[in-house]
Amino acid sequence: MKLTWRIWILLIVLVLSLISIFVTPNFMKSGILISSVVSNSSAFEQGLKQGQIITGVDGIKIKTLDDFSNSISERFTSGESEKVIFQTSDGEIIYFSETAPEIIVAAIPKTKIKTGLDLSGGSRALIKAENIDLTSDQVRTLIDVISNRLNVYGISDMKILPVRDLSGNNFMSIEIAGATPSDLEELISKQGKFEAKIGNETVFVGGDKDITSVSRNPPEAIIERCDQSGDGYFCNFRFAIYLSEDAAKRHAKITGKLEVNSTPSGSYLSMPLELYLDDNLVDTLLISEGLKGRVTTQIAISGSGTGATQIEAYEAAEENMKKLQTVLITGSLPYKLEIVKLDTISPILGKDFIRSIFIAGLAALLAVSIVVFVRYRKVKASFFLVLTSISEVIIILGIASLINWNLDLPSIAGIIATIGMGIDSQIIVIDEAKHNKEISIKERMKRAMAIIMGAYFTALVALLPLLWAGAGLLKGFAITTIIGITVGVLITRPAFVDIVKKIED
Amino acid sequence: MEEENKSSFGKFHDKNYKLLLLIPITLFVLSLIFIGIFYSNNGDFLNKDISLTGGTTITIYEEVDTNALVSELSGKLEDLSTRTIYDIVSREQKALIIETTSDGETTKKAVEDYLGHELTSENSSFEFTGSTLSESFYKQLIIAILAAFIFMAIVVFIIFRTIVPSTAVIISAFADIIMTLAVVDLLGMKLSSAGIVAFLMLIGYSVDTDILLTTRMLKRHKGSVNERLFGAFKTGTTMTLTSLLAIVFALMIISSFSFILQQIFIILAIGLFFDLLNTWITNASILKWYVEAKK
Chain A
1 MKLTWRIWIL LIVLVLSLIS IFVTPNFMKS GILISSVVSN SSAFEQGLKQ
51 GQIITGVDGI KIKTLDDFSN SISERFTSGE SEKVIFQTSD GEIIYFSETA
101 PEIIVAAIPK TKIKTGLDLS GGSRALIKAE NIDLTSDQVR TLIDVISNRL
151 NVYGISDMKI LPVRDLSGNN FMSIEIAGAT PSDLEELISK QGKFEAKIGN
201 ETVFVGGDKD ITSVSRNPPE AIIERCDQSG DGYFCNFRFA IYLSEDAAKR
251 HAKITGKLEV NSTPSGSYLS MPLELYLDDN LVDTLLISEG LKGRVTTQIA
301 ISGSGTGATQ IEAYEAAEEN MKKLQTVLIT GSLPYKLEIV KLDTISPILG
351 KDFIRSIFIA GLAALLAVSI VVFVRYRKVK ASFFLVLTSI SEVIIILGIA
401 SLINWNLDLP SIAGIIATIG MGIDSQIIVI DEAKHNKEIS IKERMKRAMA
451 IIMGAYFTAL VALLPLLWAG AGLLKGFAIT TIIGITVGVL ITRPAFVDIV
501 KKIED
Chain B
1 MEEENKSSFG KFHDKNYKLL LLIPITLFVL SLIFIGIFYS NNGDFLNKDI
51 SLTGGTTITI YEEVDTNALV SELSGKLEDL STRTIYDIVS REQKALIIET
101 TSDGETTKKA VEDYLGHELT SENSSFEFTG STLSESFYKQ LIIAILAAFI
151 FMAIVVFIIF RTIVPSTAVI ISAFADIIMT LAVVDLLGMK LSSAGIVAFL
201 MLIGYSVDTD ILLTTRMLKR HKGSVNERLF GAFKTGTTMT LTSLLAIVFA
251 LMIISSFSFI LQQIFIILAI GLFFDLLNTW ITNASILKWY VEAKK
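Line by line, the protein sequences give chains A and B. Those letters in the first sequence? Residues 1 to 505, by this note's numbering. Those letters in the second sequence? Residues 1 to 295, by this note's numbering.
Don't take each hint at face value.
What the hints assert, rightly or not - Computed from the model, here is a short list of chain A residues facing chain B with C-beta under 8 angstroms:
# : residue
1 : S167
2 : A413
3 : G420
4 : I427
5 : T458
6 : K475
7 : F477
What the hints assert, rightly or not - Listed next, the stretches of chain A that the computed footprint assigns to chain B, with coverage defined by at least 3 CB atoms under 8 angstroms from CB atoms of chain B:
# : segment
8 : 294-308
9 : 430-436
Since the hints were made in silico from the structure, they are not lab data. All C-beta atoms, glycine included, are put in the ideal place defined by N, C-alpha and C.
If we strip away everything but chain B, and leave its shape as in the complex, we get (with noise of 0.2 angstroms):
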């Protein structure tokens, strides 16, 4: 029954793998022309917070009313966005995020006048990036990324030494940053320097499943492409969903603790959904076509 399923399958998926890549296309395209909108209106392909564009954070470690503090502090500091941290079990108010682009010293004293008291290490914590820095920083990471990509697409081409698959793993890898990227930038997320080094592990996990991949489908010859193709598709898979899951579980129980954390999982698991679109089809097919021309 099952070699059945998959012989039929194996039918659809010989006369229609070509026509598959038409759906990664169409989301790559659409991801392209979403993000180039969003540069136009925005001046940048992403939101950044406060560890992007300076400014300053400051997390209250008591109870505050949250809305009776913005009201009374949006006129003195610019930007001004809070976040609220609730204990995981009781959902109590553990903690209140403070987030403007407005200087160390002014944010501190609006805030220490606001609440009456003084901000110490004992009831707060505090942190100012200086806007310069904070552009440099943004101008390195992104670097970073660039130079990151760049490095893996040479040992790629150095591991297949061929032109077709090991542009195959690139472009494939390349689509899953362009999409996330642009739900990212749909969500509205505001990305902070770890949401950005996210974006570095991403090439890290999505490149694992296109190697194993294109090393199942050229470099083993027993077996139809089919056959090679749908073993590597179970192993790669299974490697994505588990991946995928731990993520998730972990993102449960982090998401209420760690702003830092949460944003890579969130942005790992997006881009991991894309990685099995693009790594089973974009890749798969591309790949698909390259065996089949060559016979």
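Same shape as in the complex, but just chain A (with noise of 0.2 angstroms):
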């Protein structure tokens, strides 16, 4: 059977399709690939890298994630310093440290098809300013901050948006994929203003104007002591900051002016340095004699975190640290926010759910094949339609990856609304080619098309508001559909009609 040039460019989009699909750029390659790294984590700066492939530990083979687990889980429980050596793709890389690797580790995708937030678990908000309008370039600058203060925090996986609605609101739309920290809130509402106050003067404020830098690690940056206090434990913790120039000196004006005091426990000035965070009073320090109309540039921050045991007063500790570094190093955001909208979409129905939207199509696809071959008699006929609407998902499929589209739920929804929509012409193309035998085939072929672009100029004008309205959280039903049925009018649809043309001859 000799193929019109219509069905060779559906081949050929159909292979362009696949390899889209599966040609990733791990083709092929066995290991588990390294999906984040907190960044300035001593993983990180030993040189682990997101995208990397792990290949081996101490050189044992790693195929799957429980491979990877089984080998690192015995490792780092000691407290000591201990000595990994990771195969990735870009060579042999030294671990080594008391803590295992602070990265996360995936299966290699098998395909470049990626889901969203709603499918594979995740974290997604829209951000407002509150009580003011902000125009698209201050949404820029504020996600300029925010992205900023994610990264320090050691969020990388993420993707941040501005966002402009139908009524002409605009949002910063934050999307971060896998696991969800649990102070995204605080993270990302929080305006973080932070400044150390000497009765009502202000000394510093968080940002790199005042602060050149912040201690993030060991001896430098610590949880020094845990006690209990009533029925539960507290932490302190404690960390070395850099002070500019121009606030060093300031520093040394304020506490020229003040008094010794002498107690027991040592000699103190007489106010203290107060911490406060977005205008709540976190810390009071007492300043020690010596620093007395000093220009001092190091500075030591402290604060605390409690919990119903030791351990969790430790790790709360540990994450207030984290927190207040964060904001010292990327200062406040400009304006007071509001979060309009908060998901953090768990990951654990995700397989599943996929699953069953595969098995849920095909039996749509497997009741519309036994209709259709029912009610006009035509097997092959039935198969190249149930074929051709396959290839149809294929495409769509391809285009997301290429594009590098997140299917979320509304895009499925797009997809199932494609394919529905193409059975329906594609039924018109079978219809039109069993009756009116006497007027050839090729004319009845064109009357069938005459319905079916007629079909598709309303549902595609149909389907353009919905590109903007809702601050594009439904943009991915429009999308899908539009490509759907778009490719079906370009490339699926003249290739059926060639196809049963072909059957009739």
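Combine both chains into one complex, guided by the hints.
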């Protein structure tokens, strides 16, 4: 059977789509993928990077996630420094630390199809400024500050975008894949205005103007001690920061005016250094007599964390330290923010879900092919109808992988809508082919295409408003449907028409 | 035999097709009245769920005694409701969904206090939408539907370039939406944003068969009016029935899993049912009347 150019185009696009879906940069490689590395962690500093593939640990081959956790689980339990050699796609990396590497690993993805947060898990937030309407420039500034803050905090796998809705509101949309940090809300919505004050005078504020650097690793940043208090525990943390010249001089000037009080535990200045975060007092530090009037650039910052058990208190202190370090480094946000939408989706159900969508799709296609066969009694045409629908899905997925579109639930609803409309069109083709045999098959197919184009344009224009409505949350539906029906009229339908022509001839 | 049946049905149809219009007109008027009463009682055309009113949804992936949880928390959380997700095969409780119009922090704290442990992304999903956002979201979706409908109407006019047939297509699409909305209200369904999108899908699906019918009736000249009408009817009902069947099959599998897809499919199924009525009585009768009058 000689194939027409329309069928060739379908076949070529189909092959290209399959390549787009399945040929990933790590095609056919074995190992596991590092999906994120906590920035500034020892793993990061020693060369482990996001996107690397770990193929072995200490010479033992790693093929699955289980292999990896088995090889690491018994290490780093003693609290003493250990050496591990990772065989990676970038060569051997020697890791030496007291703690296990702070990396998140995943199986190497077999396809380039990316699923949205509502399927694969993760968090999504829509944020706007409290009480004022931000211009798009202001939103962009805000995005810079927030991206920096999340990066400093150690989140790298994220997407922050300005979003504008139909009524002209500007939002900032944040998407973070995978596990959600428990204090995401604070990180993205708290202004993080840090002030160190003595009395009413501000000595320094968060951000790189006053603070040149912040220590984040021991021995300059540590959890000092844990104690029982009431029915819980609390742990103190302490880390060093370095002030700029200006801030240090300010500190000297203000402390120079203070008197010295002698107490049994030592001599301190008459007023303490008070640390405020978003106008709440977080800690009060006594200033030792030796610092009076001195231009000092190194200052120790402290705070605490509490919990029901000692471990919880320790972890809370670590978290609080990290948060404080983050705002000290990144400074305060220019606006007070309000979270207008916050979704954190667990990855637990995702896999099952994708499987049931597949089953549902197959069941639906089976039902359709049975109806078409019973109605038209044409084995070949019914078979090609199902085949065409499947190829349509493959092409949509291929284009989605090509443009890096994340398939979320609305996108899947869109694919289903597309298949439905596609099958309707194909039924029109089969029907026109079966009847009016006195006219040439060419003419009959032209008629079918006329109806199909009419239906296409009405569906297309009906979808356009959805691209902008609702802060883009339903954009996935509009995008996949538009891709699908356009692929339909341009590629799959003309090919199906030619196939039916062949069958009729 | 078949030919005879057809022609006797043709005679019946010739005699009564205008009268048949009374069926959709009655249903349409009843739907409008029902929606009107619904509006005056509820202040809106439809029941909105959390995604459109604002509030919090928490999904807990563990077995929880639903009744105990509701009685414990209903005092603390506003408009509390729950849904359970079961495994398709084993019918085991897989997850519990808690919905309330209270804000995120309050809800999370209340549920954590009840369960006695923290909610993390390992054991739960959490969705919060602020009420101002959802209000504007709802407004925009309604605008999107109206705009979609108007755009669709313009394209239909461009395709057929005649007033009566184009209007017939638009009326039948409008009737689909109104009747479906009435049934959705009658069933007490709470619409999510996805549910509203289903109405948008309905516009696309319902116009398909109307375009087929109108093209066959107006742009083809072979055969009698009835032959063309019945030919289109056969094709069109096959289209709608396959869509309906596919939806019902998909619904059976997906329903215990995704509330969003379930709602889309239910609305589409109701809509396609009414589309059969509106395409093959409303649109067909108006069109036949028009063609007969032109003779």
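Each hint tested on the structure:
1. S167: Because about 6 angstroms separates S167 (chain A) from the closest Cβ in chain B, which is inside the 8 angstroms limit, the hint holds.
2. A413: 5 angstroms, holds
3. G420: Hint on G420 (chain A): holds, closest Cβ of chain B at ~5 angstroms, below 8 angstroms.
4. I427: Hint holds; I427 (chain A) Cβ to chain B Cβ min 5 angstroms, cut 8 angstroms.
5. T458: 5 angstroms, holds
6. K475: 11 angstroms, violated
7. F477: 6 angstroms, holds
8. 294-308: Not satisfied, violated; 0 residues make the cut.
9. 430-436: holds (count 3)
In summary, the numbered hints that this structure violates are 6, 8.
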